[in-house]
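Here the protein sequences line up with chains A and B, keeping their order.
So that you can map any letter, position 140 of the first sequence is 140 in the numbering used here, and since no number is skipped, the others follow by simple counting.
So that you can map any letter, position 208 of the second sequence is 1208 in the numbering used here, and since no number is skipped, the others follow by simple counting.
In short, the hints are calculated from the structure, not lab data.
It is possible that some hints are incorrect.
[Said to hold, decoys possible] Short, incomplete list of chain B residues facing chain A, as computed with Cβ under 7 Å: (1) 1162; (2) 1163; (3) 1165; (4) 1166; (5) 1172; (6) 1187; (7) 1195; (8) 1198; (9) 1393; (10) 1394; (11) 1395; (12) 1399.
[Stated by the list, open to error] Chain A residues, not near chain B, derived (Cβ > 12 Å throughout): (13) 3; (14) 19; (15) 37; (16) 123; (17) 185; (18) 207; (19) 214; (20) 298.
Please read all numbers here as calculations on a predicted model, not as lab measurements.
Heads up, the beta-carbon is just placed ideally off N, CA and C, and yes, glycines get one too.
Residue strings, one per chain:
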Amino acid sequence: MPSMNMIQALNSALDAKMAEDPNVLSFGEDAGYFGGVFRVTDQLQQKYGLTRSFDAPIAEGGIAAAGIGMAVYGLRPVIEMQFADYIYPAYDQIVSEAAKIRYRSGGEFTVPITIRSPYGGGIFGGQTHSQSPESLFTHIAGLKVVIPSNPYDAKGLLIASIEDDDPVVFFEPKRLYNGPFDGWHDRPVSPWAGHPLADVPEGRYAEPLGKARLMREGADVTLLAYGTMVWVSLAAAEHAGVDAEVIDLRTLVPLDIDAIVESVKKTGRCVIVHEAPRTSGFGAELSALVQEHCFHHLEAPIERVTGWDTPYPHAFEWEYFPGPKRVAEAIKRAMEG
Amino acid sequence: MKKNRTPLSLRVPEPVCRPGDKPDFSSIDVGQAGAVARPDVTATPASMRDMAFQLIRVLDDEGRAQGPWDPKLTPDQLRKGLTDMILVRTFDDRMHRAHRQGKTSFYMKCTGEEAIACAQGQVFSREDMGFPTYRQQGLLISRGYPLAAMMNQIYSNAADPIKGRQLPIMYSDKAYGFFTISGNLGTQYPQAVGWAMASAYKGDDKIAAAWIGDGATAEGDFHNALTFAAVYRAPVVLNIVNNQWAISSFMGIAGGLETTFASKAIGYGLPSLRVDGNDFLAVWAATEWAAERARSNLGATVIELFTYRAAQHSTSDDPSRYRPGDEYDHWPLGDPIQRLKQHLIALGEWDEERHAAAEKDAVEQVRAAGKEAEAIGTIGQSRPSVKTMFEDVYKEPDWRLIRQRQEVGV
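One chain only, chain A, in its complex shape:
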């Protein structure tokens, strides 16, 4: 089985779908001939032709709207927002239109679009290349939100998203494109090569939306994370020397509530980790759900480790970014609580 990094796995997903379904096409800023600034759409134009993978004007609202129109027609467009930080001009089209068209038309018009976007911090991208805006989309009825943490899932979840009949916002943690970044920014970086989750089959396979992945089985505390924070949480568990259970949520909507509840009922403790700012972040929703479903099993207050309620700071990235030390401290508090 070929070993792929996350970029290659995403590219392989697009390749697999474009090969089998002529209604799948891809476009975005620099996403055509050049293959995207992160190379996710590399060689697709050369392989499938100009109209299947092409460059778009720098107009995110226009890209989203054109994709919506195509999806309404019956295609399965995969559009790229060059950075999640650039998605806001498309927000009205995604939130008021893509998300609502099935409902407001009584089920007659549908929007099977996939909105891909490189996302998250840890790459010295500063304010406009580091944000994690997932909660702006999880709050919207009618959208699905997917955030993979490894090459195998990235491919399987992207294929499932393309095949899904509803609009999917697909965030790609760019810090994970080349390796399972554990948050120790001052230590050598490990690449995906040789990692079991970098063994990516050729061809089509789908990972179901709404199913979490158990990354580490443990008895003492449940760590809920997604994207880059999955690897930070694993590193933090090791750093804290605690037998933690680490759950990679993989899709925030639909959410695998059963996996969360089962784990927290077992451990009685819960630490939630995400990069996005704390206030109204997805961790608030997770915290509320755990409290609603597991209150009588909780032995300590629920902990949240998140980005701060500041804009993403360039020079203070590693103070902002929830690293293994901060997560380990939260684990310890949860264990003592």
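Please arrange chain B on chain A, whose structure you already have, making use of the hints.
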């Protein structure tokens, strides 16, 4: 830096007339019927830029069809256009009254603009996809859409085709080439371009059409639509219905004093036509030109349909607070129904008796539909099952929707 300059001052555009003023449209040059040349459908956009500053008119003041844009419709086509427009106006009047009677929460008329959707509904086929605003009810009515179904939507009753989910008049019907209306203005414009791109991508023969008001041309979506339409040569007809008013804001607030709305297309390299929107024949001919161009794979055309919003914006609006009450009586391009009626009479294909009979027939049709819809129920008397509230959010509901529906107990 020179010190003796006049201080800067901010300009905020104002309309010529406000309530109490005598209506004055002397600044509008409507030209002459038949005076504007008709370029070949294959003309380059650069060669026809002057079209954006002229007004295509076919019907003259005596009701005669003039010049190269005469679409040469048959008497049957003309009579259908006239009776469709009468039916739209009758329906509007009835539903406006229904609001006053408490039968619905909201209504929007298209009085004075009937020629636009009634003509274009015939030029485009229902296999094409229309991305309308809330003032193109004529598309549905001219295609024979059941009036009772429209009323069921307006009443949000148990038979509402879109299950009570939208504000009245936000119709949706795929089979009639009528895309679900959005209350967020302008969003449909670039979506229509995407739909047209998909049709071209598939090698299909269908085209898209979109409508937007003069006010919403200021939205980014308008400019995104023109950029994408030009870049990808999308087979779409982009209509701007310039009815002079966006609720209380005159067209100058959208930039209409600086240039014509049609001329916005020039900067994008798109062909543009500016048309008397109250002239059924001119609307038909210009639309036919643009549709033919799109079907020939020559891409998009922008059409400014120059008209006047005779009624209030909606039942929530009172135009007497911001414009002269009798402004429409002075509109230099008249009333679309009267003008087509005059034309048919001049041709010897219509008379006052037939007109009166057509009006009576429209009232009867609307009355019958009203009876049918009201038997199901007006607003509050009847509505879809509450459990449908949780349907169609996604193709399949996730656990949240299932549990929340249980919480409601339905």
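Comparing the hints with the structure gives:
1. 1162: It holds, given that the least Cβ distance between residue 1162 of chain B and chain A is near 4 Å, below 7 Å.
2. 1163: Holds, about 5 Å.
3. 1165: Since the shortest Cβ distance to chain A is 6 Å, the answer is holds.
4. 1166: 5 Å, holds
5. 1172: Hint holds; residue 1172 of chain B Cβ to chain A Cβ min 4 Å, cut 7 Å.
6. 1187: Holds. Min distance 5 Å.
7. 1195: 4 Å, holds
8. 1198: 4 Å, holds
9. 1393: 5 Å, holds
10. 1394: For residue 1394 of chain B, the interface hint holds, since the closest Cβ of chain A sits about 5 Å away, which is under 7 Å.
11. 1395: Because about 5 Å separates residue 1395 of chain B from the closest Cβ in chain A, which is inside the 7 Å limit, the hint holds.
12. 1399: 6 Å, holds
13. 3: The claim holds: residue 3 of chain A sits with its nearest Cβ about 34 Å from chain B, beyond 12 Å.
14. 19: Holds: least Cβ distance 17 Å, greater than 12 Å.
15. 37: 20 Å, holds
16. 123: Non-interface label stands for residue 123 of chain A: nearest chain B Cβ at 29 Å, farther than 12 Å.
17. 185: 36 Å, holds
18. 207: Residue 207 of chain A is indeed farther than 12 Å from all Cβ atoms of chain B, at 16 Å.
19. 214: The claim holds: residue 214 of chain A sits with its nearest Cβ about 19 Å from chain B, beyond 12 Å.
20. 298: 21 Å, holds
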